[in-house]
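Novice: Take a look at the letters that make up each chain.
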Amino acid sequence: MAQMTMIQAITDALRIELKNDATTLIFGEDVGVNGGVFRATEGLQKEFGEDRVFDTPLAESGIGGLSIGLALQGFRPIPEIQFFGFVFEVMDSIAGQMSRMRYRSGGRYHMPITVRSPFGGGVHTPELHSDSLEGLMAQTPGLKVVVPSTPYDAKGLLLSAIRDNDPVIFLEHLKLYRAFREEVPEEEYTIPLGKADVKREGSDLSIITYGAMVHESLKAADELAKEGYSVEVVDLRTISPLDIETIISSVEKTGRAIVVQEAQKQAGVAANVIAEINERAILSLEAPVLRVAAADTIYPFSQAESVWLPNYKDVIETAKKVLTF
Amino acid sequence: MASKTQNASFDVKKTLEAVEEQFQTLQILNEDGEVVNEAAMPELTDEQLQELMRRMVYTRILDQRSISLNRQGRLGFYAPTAGQEASQLASQFALEKEDFILPGYRDVPQLIWHGLPLYQAFLFSRGHFQGNQIPEGVNVLSPQIIIGAQYVQAAGVALGMKKNGTKAVAVTYTGDGGTSQGDFYEGINFAGAFKAPAIFIVQNNRFAISTPVTKQSATKTLAQKAIAAGIPGIQVDGMDPLAVYAATSEARERALNGEGPTLIETLTYRYGPHTMSGDDPTRYRTADLDNEWEKKDPLVRFRKFLEKKGLWNEEKENAVIEQAKEEIKEAIKKADAAPKQKVTDLISIMFEEMPYNLKEQFEIYQEKESK
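Protein sequences appear in the order of chains Y and U. For the first sequence, my numbering begins at 1 and goes up steadily by one. For the second sequence, my numbering begins at 1001 and goes up steadily by one.
In case anyone wonders, no lab produced these hints; they're calculated from the structure. Where hints are given, some of them may not hold.
Which bits of chain U does chain Y cover? Going by a derived footprint, with three or more residues having C-beta under 8 Å, they are [claimed, not checked]:
| no. | segment |
| --- | --- |
| 1 | 1139 to 1153 |
| 2 | 1183 to 1194 |
| 3 | 1223 to 1230 |
Glycine is no exception: its CB is placed at the ideal position from the N, C-alpha and C atoms.
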């Protein structure tokens, strides 16, 4: 076991898969000799060569097309989109093309592609770096969308994502890259996609969340415990498809739930989680399922992040509304 | 005042003219079927020349029958191809089986001659997933509807071939309107930067639906857009099968020699509407223009060329026409026999392993379908 940050765990997963599978290719803007703008691919080109880990021209759509073409030739591409705010340039390749390839060819072709991309607020990035756009991906049939919140999860989920024979969008929260270290096994292991993880067990309220909000929710749960509330925190880990079983069994146990996301209220996946709970566990609910989400404005100018981004206080406030409904 | 500050060494008009001069139209056969450029003549055997003519005639009939079947409601989406036989078929004729074609929505003929069974092309038109289940060993994608997407994908396929050491090329097609897309530029630029074995063909039929090519760009040729990617560009008479064949063969040679991609602009024309989905070309095209281009018909000039060589006659042509009609009839019958699509079929082809939501929905629809 080693103490790793999330970014180290990601690099470790990439190294393992480059070694395991000669068809894996890592490419993107500045991922080669530079080792990535966040050092996620640090040392990989040196170890595996320019043929496996290489830079591309600055064009996200081209990177998407390159991935699709390489997949058609038997490769397992792991492209990087430098910041997920730039996904709009490559929406067609992702949502109009790779997500549809298996279906549109009736299974003749498939796309074992893992798109890695950082996102997320709290580090004062410039415009369109931190936007939470996972909701757009989650609405696209043919994609799986993964958002890890810990180093351990990041490694196991990334290995599963790469090995999956259909496209996976792997979103890495900027604030979590080096926020803390955690014990991560040095050997390879996988975490199944589409499986949530109960990060904290409780009996009074379920908090269903993902990404950086997992940690805000855990902090909120600590505070609420001081007031005598037992709160369960469910980390979705994969936001599409949802792990219905884990969500519903938690709600059936606690009878109350909130869904916490960093994205704007009209975005993200919270509305979908609530709809699933309403359809499947309404008879267990003691109160409506409420949301913690950002205001429905454009992502804030960097100085306004602290007042705009949801945090543990918002989680506590909403949790209490539901607990005292 | 402007003339005073103008620097003689930086005459923008001259710069543009100098660029345009580099993109002269390659022609081998003129409208009368006479060889006007012996030096560029491709090496084709008599049998190959006849086969190319056979395919062009066949495809003209296929277009006529497809339009008529579409009108009868026996075909769905259809983008007419008449006029573009040289551009489409002579370029495909220069390829090998190992080469991978990424077609646009008008490029169904190339797929058929690369190995896609005719009944599947008809199923594609009707909107049936089995039409897109390309047989193993036939290296094509189904027709791309998003204009430009095939270009960035072609760069990837070509890079894949280069990495695999495959002696083959990726070939993709778009139209004149498509050259205005970002993906058009990114595709040729990526292939250039990676020196990947790709052939990018622009079929300039002068109209993108109703928009004339002059409204797409201020450039005099579309071939010169290759300059922006730093790759060779060539403009050919797209109504001349021999010129199209020669340009494609050369581009293929260069690609296989590791010299990277080529952009080929074929000057062509579609005699029919944009698609059969309600487009009326008389709204934007004059009869004079249509007549002018009908004189350039690739079949007419190639027929004359072959007849003079004693390689073609009416009897041969009629035999092709009869064969085409017969095979089209059989293919439509086979398409009619395809099983109706079920929602469970569509669910099954989404992923290798169904996620929970689709598992649930599969059961629901299976139940419905069993009633």
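Novice: A separate judgement is required for each hint: does it hold in the structure or not?
Specialist: Hints, one by one, checked against the model:
no. : hint         : verdict
1   : 1139 to 1153 : holds (count 7)
2   : 1183 to 1194 : holds (count 6)
3   : 1223 to 1230 : violated (count 0)
Hint compliance for this structure: hint 3 alone is broken.
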